Amino acid sequence: MPIYLDHAATSPLRPEVLAAYTDALPLVGNPSSIHGQGQAARELLEQGRDRVAASLGADTVEVVLTGGGTEAVNLGIKGLWWARKRSRILVPLAEHHATIDSVDWLAAQEGAVLDWIEVDELGRIRLDALEAALALGGDEVALVTALWANNEIGTLQPAAEIVAAAARYRVPVHLDAIAAYGQVPIDFHASGAAALSVSAHKIGGPVGVGALLLARSAKIEPLLHGGNQQRGRSGTQDAAGASAFGVAAELATRDIAEHATRLAALRDRLMAGIRGIPGATLRGDLDPAGRLPGNVHATFAGCEGDSLLFLLDVAGFSVSTGSACQAGVPEASHVLLAMGLSGQDARGALRFTLGPDTTAAEIDALLVALPGVVAQARTAGLAERQPTFGR
Amino acid sequence: MSGGVDSAVAAARAVEAGHDVVGVHLALSRNPGTLRTGARGCCTIEDSMDARRAATLLGIPFYVWDFSERFKTDVMDDFVAEYAAGRTPNPCMRCNEKIKFAAVLEKALALGFDAVATGHYANIVTTVDDAGRSHRELHRAADWAKDQSYVLGVLTTEQLAHAMFPLGATPSKAEVRAEAEARGLTVAQKPDSHDICFIPDGNTRGFLAGRLDAADGPILDRDGRHLGTHAGAAAFTVGQRKGLNIGFPTDDGKPRFVLEVRPITNEVIVGPREALAVSELAGSRFTWAGQPPLSPSEPWACEVQVRAHADPVPATAFVRSANVGSEVGSDVGRELGSELVSELVVTLDEPILGVALGQTAVVYIGTRVLGQCTIDRTVSAVPVAGAAAR
Numbered sequence: 001m002p003i004y005l006d007h008a009a010t011s012p013l014r015p016e017v018l019a020a021y022t023d024a025l026p027l028v029g030n031p032s033s034i035h036g037q038g039q040a041a042r043e044l045l046e047q048g049r050d051r052v053a054a055s056l057g058a059d060t061v062e063v064v065l066t067g068g069g070t071e072a073v074n075l076g077i078k079g080l081w082w083a084r085k086r087s088r089i090l091v092p093l094a095e096h097h098a099t100i101d102s103v104d105w106l107a108a109q110e111g112a113v114l115d116w117i118e119v120d121e122l123g124r125i126r127l128d129a130l131e132a133a134l135a136l137g138g139d140e141v142a143l144v145t146a147l148w149a150n151n152e153i154g155t156l157q158p159a160a161e162i163v164a165a166a167a168r169y170r171v172p173v174h175l176d177a178i179a180a181y182g183q184v185p186i187d188f189h190a191s192g193a194a195a196l197s198v199s200a201h202k203i204g205g206p207v208g209v210g211a212l213l214l215a216r217s218a219k220i221e222p223l224l225h226g227g228n229q230q231r232g233r234s235g236t237q238d239a240a241g242a243s244a245f246g247v248a249a250e251l252a253t254r255d256i257a258e259h260a261t262r263l264a265a266l267r268d269r270l271m272a273g274i275r276g277i278p279g280a281t282l283r284g285d286l287d288p289a290g291r292l293p294g295n296v297h298a299t300f301a302g303c304e305g306d307s308l309l310f311l312l313d314v315a316g317f318s319v320s321t322g323s324a325c326q327a328g329v330p331e332a333s334h335v336l337l338a339m340g341l342s343g344q345d346a347r348g349a350l351r352f353t354l355g356p357d358t359t360a361a362e363i364d365a366l367l368v369a370l371p372g373v374v375a376q377a378r379t380a381g382l383a384e385r386q387p388t389f390g391r
Numbered sequence: 001m002s003g004g005v006d007s008a009v010a011a012a013r014a015v016e017a018g019h020d021v022v023g024v025h026l027a028l029s030r031n032p033g034t035l036r037t038g039a040r041g042c043c044t045i046e047d048s049m050d051a052r053r054a055a056t057l058l059g060i061p062f063y064v065w066d067f068s069e070r071f072k073t074d075v076m077d078d079f080v081a082e083y084a085a086g087r088t089p090n091p092c093m094r095c096n097e098k099i100k101f102a103a104v105l106e107k108a109l110a111l112g113f114d115a116v117a118t119g120h121y122a123n124i125v126t127t128v129d130d131a132g133r134s135h136r137e138l139h140r141a142a143d144w145a146k147d148q149s150y151v152l153g154v155l156t157t158e159q160l161a162h163a164m165f166p167l168g169a170t171p172s173k174a175e176v177r178a179e180a181e182a183r184g185l186t187v188a189q190k191p192d193s194h195d196i197c198f199i200p201d202g203n204t205r206g207f208l209a210g211r212l213d214a215a216d217g218p219i220l221d222r223d224g225r226h227l228g229t230h231a232g233a234a235a236f237t238v239g240q241r242k243g244l245n246i247g248f249p250t251d252d253g254k255p256r257f258v259l260e261v262r263p264i265t266n267e268v269i270v271g272p273r274e275a276l277a278v279s280e281l282a283g284s285r286f287t288w289a290g291q292p293p294l295s296p297s298e299p300w301a302c303e304v305q306v307r308a309h310a311d312p313v314p315a316t317a318f319v320r321s322a323n324v325g326s327e328v329g330s331d332v333g334r335e336l337g338s339e340l341v342s343e344l345v346v347t348l349d350e351p352i353l354g355v356a357l358g359q360t361a362v363v364y365i366g367t368r369v370l371g372q373c374t375i376d377r378t379v380s381a382v383p384v385a386g387a388a389a390r
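As they're listed, the protein sequences go chains A and B.
According to my numbering, the first sequence holds residues 1 to 391 in order.
According to my numbering, the second sequence holds residues 1 to 390 in order.
If we strip away everything but chain A, and leave its shape as in the complex, we get (with noise of 0.2 Å):
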């Protein structure tokens, strides 16, 4: 078996997910339905609700869910923008694909205008930017969108500070926490965020089940009209994906202290040994308290990241350049870019996620693997080099 270690693209789903998942998919019942297996399906649904509240410090009235984290961050940010009828939305750089496209779509469909907040060099949003920003925008200010923890270089970001520059201006703010769910400790409520979104698959639970954690004072338009089975949302139910959900849920946040400093030792093992790799250059925030316990970035000078992808692959480690795809190609990372690194630096990238079931052995292995593949990657270069066949 090929040793995982990316676990923020998706992680394996958790032995306890899968039999409540399998237990739940043959019941009969639409949650909405008012016979009694219908009112079976729904108390299963709400109780993967609760679970997914409590593990978020949220009130169960206040979790919509979705299909996926993709769809969460769209309702999040389309559907608060639209409800607040005012053009300006204030975006960081260094956000997800999920974000960058939402608020691309916005500025080009619907007239919003976008004021992108640059980040530092270990990609942390600058709070003085953001507030030049806020302050500037005034009363067309229609909201704050932004990571908890950047899901490519793992650097947690300063959200209590970005809800509470917010705040002095009444503005609400959207968090997408999808990266760091499950690593580091949520409190809905004591944030005071307006919405945040979360995915079940990152952390142990089924692909297509998210959620949107919507404050109780938050207005919102939906993505979605049909029914108005959900706050926000319409569409039926997942029965079956909100119990599973609820599982995995409880089980990521129930022992997190423990979870992250187990993580954290496993992270910090493999950055010292990356340290030692002849031009690996660690990025984001290496201050341990600074990121995410699972999450370890580096790039290699000279290397292409499809290249030490293939390599690594071959060695037997499912890794990931962190960057987005466009048919099956990786891009130079535009968190990378907005960092400050050059486009050829930004193109050798490597990240790697742990996750529960990792293991020291895996990551000594790794670091045996990871010189060899980095010179050798060296020697096929980058892609726009010149060849010497046929010249």
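No lab work stands behind these hints: they were computed from the structure.
Predicted model, so just to flag it, every value in this text is computed and none were measured.
Yeah, the Cβ is synthetic: ideal placement off N, Cα and C, and Gly gets one too.
Be a bit skeptical, because a hint or two may be false.
Unchecked claim - Residues on chain A that point at chain B, a partial pick, calculated with CB under 8 Å:
1. Q37
2. T261
3. D306
4. F310
5. D313
6. V329
7. A380
8. E384
9. T388
As the list claims (entries may be wrong) - Derived SDA-like pairs: lysine to any residue, alpha-carbon spacing no greater than 25 Å straight-line:
10. K242/B to G119/B
11. K72/B to S32/A
12. K72/B to L382/A
13. K72/B to Q386/A
14. K219/A to G302/A
15. K72/B to R385/A
16. K219/A to R385/A
17. K72/B to G343/A
18. K242/B to A215/B
19. K72/B to A332/A
20. K72/B to R168/A
21. K72/B to G119/B
22. K254/B to A277/B
23. K173/B to T367/B
24. K72/B to A257/A
25. K72/B to G302/A
Position chain B against the provided structure of chain A, taking the given hints into account.
Same frame as chain A, now just chain B:
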């Protein structure tokens, strides 16, 4: 693996031959067309998905390699620059020379592979010389109707050493399709690609129109008589008949053809069909596909092919070398010293029509590809004052 049937079957055969095979699809376009129908060889998301499905069926790993930057520089920009210079390029040959068997091959070798295998129809034959050394030769495919040795004629000995063409011995394309069907490959009945992949609508003029500087210029006959006006010389190709829009007919009523494109003076020279006849062609940019002739400067009998779908014609070829600069008496010439310049010269037994500069002349002996040159000089078989040599 382009996503077409040929590369899928080639991969299947390589797997079956016991090789450790990895499927690679090349991303050559920065903005891939989304869902065009048919196989176009490189550009659509559908092609990429088809290639991936084929690899999955064969149980081999599959990756997409992005060479769009090199492809733009070495193939697309080169294509436009050649037209701008009044020449007619073959971008598929440039792609084989610079991308598939250069950039891709080099990356593959660096990553631990031994060879690039493609779905081209051509054969590689290994011979052993008297000294016991083995040499690889490039030969035509068993199926002459599908033979693609012409577009591989640019490969050098070093490139051939790392090339594999598993389809070369197949008697027919129908057999490849039947084999694909039998293997359960979804692309078994996918149409062949025949256009230039980055010009999917086949409209080369339209593609060039936005990329070439175009200004009105004269259409002249070979005596320099002004016959009309064109909208930009670079968009014309030698042998072209349509699109001249000369308002009056020739004296004998026969159609006029483009004989020559002069981009520097922005002139298009036209004349009768027979004036397209060429008796000799030559190119200073030439390569050998394997072992060169023992004494290249002594003429040898051969056949030459000047287009992918042209018939080979009998000819005699040799390499002419000259010291350029040594005969020049100027101080400049002496300072620079002389430089040995070689060109591959091909004299045709019978003249052939419509050879444009920039085309590739591939020299064969029987089924074997000996080498090639990019044509940079031709000699007209029907000399007319002022137009003897281009």
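Next item in the hint list is D313/A. Is there a CB on chain B closer than 8 Å to its CB?
This interface hint holds because 7 Å falls under the 8 Å limit.
Can we keep the F310/A interface hint, with Cβ of chain B closer than 8 Å?
holds (6 Å)
Measure nothing beyond the straight line between the CA atoms of K219/A and R385/A; if it is 25 Å or shorter, mark the hint as holding.
violated (53 Å)
Using 8 Å as the Cβ threshold, decide whether Q37/A counts as touching chain B.
Because about 40 Å separates Q37/A from the closest Cβ in chain B, which is outside the 8 Å limit, the hint is violated.
Take the C-alpha atoms of K219/A and G302/A, compute the straight-line distance between them, and say whether it is at most 25 Å.
Cα-Cα ~49 Å, so violated.
Against the 25 Å threshold, does the CA-CA distance of K72/B and G343/A hold or violate the hint?
With Cα atoms ~18 Å apart, K72/B and G343/A stay inside 25 Å; holds.
Quickly compare the C-alpha distance for K72/B and S32/A to 25 Å and report which way the hint goes.
Measuring from Cα to Cα gives roughly 56 Å; hence the hint is violated.
Hint check, A380/A versus chain B [nearest Cβ-Cβ separation less than 8 Å]
Holds - the Cβ of A380/A comes within 8 Å of chain B, reaching about 4 Å at its closest.
Holds or violated: are the alpha carbons of K72/B and G119/B at most 25 Å from each other?
Holds, because 23 Å separates the two Cα atoms, which is no more than 25 Å.
With a cut-off of 25 Å on the C-alpha distance, tell me whether K72/B and R385/A pass.
holds (13 Å)
Are K242/B and A215/B close enough, with their CA atoms no more than 25 Å apart?
It holds: about 19 Å lies between the C-alpha atoms, which stays within 25 Å.
Should the interface hint for E384/A be scored as holding, given a Cβ-Cβ cut-off of 8 Å against chain B?
Result: holds, 5 Å to nearest chain B Cβ.
Hint violations for this structure: numbers 1, 2, 10, 11, 14, 16, 20 and 24, all remaining hints satisfied.
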